[in-house]
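Listed in order, the protein sequences are those of chains V and G.
Okay, so the first sequence: first residue is 1 according to the numbering used here, each after it adds one.
Okay, so the second sequence: first residue is 1 according to the numbering used here, each after it adds one.
Don't read these hints as lab results, they were simulated from the structure.
Note that the structure is predicted; figures quoted are calculated from it, not measured.
Cβ atoms here follow ideal geometry from the backbone N, Cα and C, with glycine treated the same way.
A few of these clues could be false.
As the list claims (entries may be wrong) - In silico SDA-like links for lysine to any residue, alpha-carbon gap of 25 angstroms or less:
no.: 1; chain 1: V; residue 1: Lys260; chain 2: V; residue 2: Arg146
no.: 2; chain 1: V; residue 1: Lys473; chain 2: G; residue 2: Glu59
no.: 3; chain 1: G; residue 1: Lys444; chain 2: V; residue 2: Gly58
no.: 4; chain 1: G; residue 1: Lys435; chain 2: V; residue 2: Lys444
no.: 5; chain 1: V; residue 1: Lys444; chain 2: G; residue 2: Asp80
no.: 6; chain 1: G; residue 1: Lys473; chain 2: G; residue 2: Thr485
no.: 7; chain 1: V; residue 1: Lys4; chain 2: G; residue 2: Trp475
no.: 8; chain 1: V; residue 1: Lys95; chain 2: G; residue 2: Leu133
Claimed, not checked - Covered stretches of chain V (chain G as the covering partner; in silico rule of three or more C-beta atoms under 8 angstroms from a C-beta of chain G):
no.: 9; region: 50–57
no.: 10; region: 125–135
2 protein chains.
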Amino acid sequence: MRLKVKSIPLRLEHSSVMMNPDDAAELGLIVGDRVKVTYGKKFCVSDVHIAIEMVERGEIGLCKTVGPCEIHIPEGVEVDVKPVSKPKSVEYIKKRMRGEKLTKDEIYAIINDIVVNMLTEVELTAFVMSDYLLDVDFNEIEWLTRAMIDTGETLSFERGVIVDKHSIGGVPGNKITLLVVPIIAASGLLIPKTASRAITSASGTADTMEVLADVNLGIDEIREITEIVGGVIAWGGATNIAPADDRIIRVEYPLSIDPKPQLLASVMAKKGAIGAKHIVIDIPVGEGSKVPSIEVGRELSNDFAELGRRLGLNVSCVMTYGGQPVGRTIGPALEAKEGMAALENLKAPKSLIEKAIGVAGVLLEMAGKTTNGAEYAKQILTSGKALEKFKEIIEAQGGDHGIKSEEIPVGDKKYDVIAPIDGAVSVIDNKKLVKVARAAGAPKDKGAGIVLHKKGGHHIKAGNVLFTIYAEKEWKLEQAIELATIDPPVIVSGMILERYPSYKII
Amino acid sequence: MRLKVKSIPLRLEHSSVMMNPDDAAELGLIVGDRVKVTYGKKFCVSDVHIAIEMVERGEIGLCKTVGPCEIHIPEGVEVDVKPVSKPKSVEYIKKRMRGEKLTKDEIYAIINDIVVNMLTEVELTAFVMSDYLLDVDFNEIEWLTRAMIDTGETLSFERGVIVDKHSIGGVPGNKITLLVVPIIAASGLLIPKTASRAITSASGTADTMEVLADVNLGIDEIREITEIVGGVIAWGGATNIAPADDRIIRVEYPLSIDPKPQLLASVMAKKGAIGAKHIVIDIPVGEGSKVPSIEVGRELSNDFAELGRRLGLNVSCVMTYGGQPVGRTIGPALEAKEGMAALENLKAPKSLIEKAIGVAGVLLEMAGKTTNGAEYAKQILTSGKALEKFKEIIEAQGGDHGIKSEEIPVGDKKYDVIAPIDGAVSVIDNKKLVKVARAAGAPKDKGAGIVLHKKGGHHIKAGNVLFTIYAEKEWKLEQAIELATIDPPVIVSGMILERYPSYKII
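Chain V extracted, bound-state conformation:
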């Protein structure tokens, strides 16, 4: 069918066309079908949407696309429009849905079609759900990981030992990357760290680093800076490393699921793509984090190690305490300030220092630098070498070399939440803290967030400050206060330490 192009000023995830219902019926098309639009030698395969008023009979509306499928066809020209069958990968997804195992080629076809945005939301959800509800064997996980690596950009270095760290997430305030990367870079190892932005948290490492420097680095900049200063903290989303993962996450997020095969493949694909040889994976364990118990954490650690073995990567996992935030701050600027202060050897929470040197230490041991990694990492930190290295990294990423923790601005709207009674902090709810920090504006408003004055088990007097909410905008501060009042994230109980099993605060 010949149709006249109308340009629709709407940018969608998928390559999409808007058709008049009569023309769509003429071609036997319904929503969820696909057409091939051809203009001269150019063509694209697009999802069909039905637009009742926007597109007349004889017209086809072309939307702009975020993906690699975009072709530029001028408004007003005639194009040829033909129904096309679903991609082969949809057959493979249906095969998986029937409980059958997929071959390497089939998994590659699915991942490839995910990357070029050829699958609809429904098809992609069906794929993720089948990973969530059915057994996936280790061959399939390995192929999934390799396919994710091979369908994106990769890094390689001419010299040096590449290492990396990753946290599977779930614990707020986990700014240890700001310490680990400079410690490792100062030791002479190379650590080209790609980090994520917050999806549901109050600040991703990329959001936090962005307070200090530019994180939107391309793959060549990441290579270059790593080769010169030894380390980088960039936003992975600005690169094209393992791009399938970003698409998959967009379906997992609204269902709040993270199927283990996807989790394993997602983490290891990113590490494989940057050519890391030694990798440490931080698995926060505890109520409110992703891994509820040490047993589940051990199983996951085994899986990471097995996948690493198959990919030729040396993997160590560390299970860390995830029952409450790391350090005392939540939110981009507050976390950057706390991390910087720790590097400056100013007053810093023990939980932050201990976790950072613990994780860095494992990497140092894996790379054969020392047999007492934590001690070695501590020396680099206390000597000021880590601070100097971090400033070099900041400068290389276009930030201010001279920045001091005390100069990092935070939100000027504040509210202190007060302990209502004498007692001890019995509950610190990670998820509720994150909700309050997000209501205050984090991560979009860099200065918004929370400072905890007391953590779990600490004694407090009635009337003293439990935590402070920071915001940049009055209306956001108000909505955060409202949320914290209705559903308090920190609870004080009388003599609580007598009533609960003790826990270790690191």
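Assemble the complex: chain V is given as a structure, and chain G must be docked to it using the hints.
Positioned in the frame of chain V, the structure of chain G alone reads:
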């Protein structure tokens, strides 16, 4: 946040708003989140889409909606926009995904949110996939069915015995409803039949009936016509009977799945909603139909009977031969013509007559009209009473009472497909026939379709006509011919009847 309304001339399934990426970030929203838009006392809850060019900062684009959620807010006014949490039903879907059983209230909440279009594609797909991949017990199926009934319109009659028939589909050319409804109505029973339009087939019963009369009847018209003439053949989609089903089908279609709990609930909800007392369910069995074997058909029959028992409905299932089309025609006008000819007692295929009187006979026996239903149905048919009743129904639905089968127009573009060798018809592929009929224009072009001159097992001489393709448009005829040539739906083999197990042709 206060935003200025911009009207977007795009009609979508869900209540949707288009936001500028900066405003969305300001509210901490990403694609898949929902907002509550308030204007005075009016409000709606809508999905958030990000529009890069269409909507400026400070604006919010309101799309038109197909569903019941539409509210009319004038362009240019200011509205209040607030993030809202996901509906409770999403929690219940996640509970189901974890393998837990749902309560009655939870299932009602899900179905209700499906009806008011509160679930996104991702969430709805997750629900359907969990039905497909996990065990669903009979309590849940019963609640699912009752929820589907209770969230839509229902019919009730002051007098008469209400009966109904349903085919689970999968076999082309199944126009028996055109015979069964008038036979039953002529017997004095009431049969308010709601039928569907084709989604993937070449003609739904509603598409076929539409050749003869108006099928877009509201629930009151269906009641009225049924009370006056005893029967009706209306398009169910024009009513609000079991509306959840339509939404669910839109997700099942692109995955070509029909999870058993949904199939059972979908059929029985429609029958329950119209107050049917006796129901016969036609289960076509055979290669290429939905049910591959008698064993699978028996299991499904048991499930239908059990669900009927729980709902207080008297259910019989008949397994019918589904290995090739019923009768010789496929496509709306060709099927209407063949059905009408059978009622006129003109030459009609044995498979059509035998199946129609078989199914009608079961209903007559269930309602206590006779102990030999097929014979009774045959008498009504051959006496001309069924024809007279069908004409009354056509007239009541606004059609021409005097219509004759020979006057029904079909496509004037034709192409005969010829047997290449002497032999017998060894393969009739239902799915390929449907593809060819759809390529020729069915169901949108009423006159398009296929007439089979030979069916499975029939002998044929080289050069004789195997089947004829009809179309209304030359280019569609050409694409149908191309498809039939590349991938022939009917195969002639030499002496095939000696080589294969025989099968019964009804």
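These are the hints, each one checked on the structure:
1. Lys260(V) <-> Arg146(V): Since the Cα atoms of lysine 260(V) and arginine 146(V) sit roughly 16 angstroms apart, the hinted pair holds (cutoff 25 angstroms).
2. Lys473(V) <-> Glu59(G): 20 angstroms, holds
3. Lys444(G) <-> Gly58(V): Roughly 17 angstroms separates the two Cα atoms, so the pair holds.
4. Lys435(G) <-> Lys444(V): 51 angstroms, violated
5. Lys444(V) <-> Asp80(G): 20 angstroms, holds
6. Lys473(G) <-> Thr485(G): Satisfied, since the Cα-Cα distance of roughly 18 angstroms is no more than 25 angstroms.
7. Lys4(V) <-> Trp475(G): Answer holds: lysine 4(V) to tryptophan 475(G) is near 19 angstroms, not above 25 angstroms.
8. Lys95(V) <-> Leu133(G): Holds, because 13 angstroms separates the two Cα atoms, which is no more than 25 angstroms.
9. 50–57: holds (count 5)
10. 125–135: holds (count 7)
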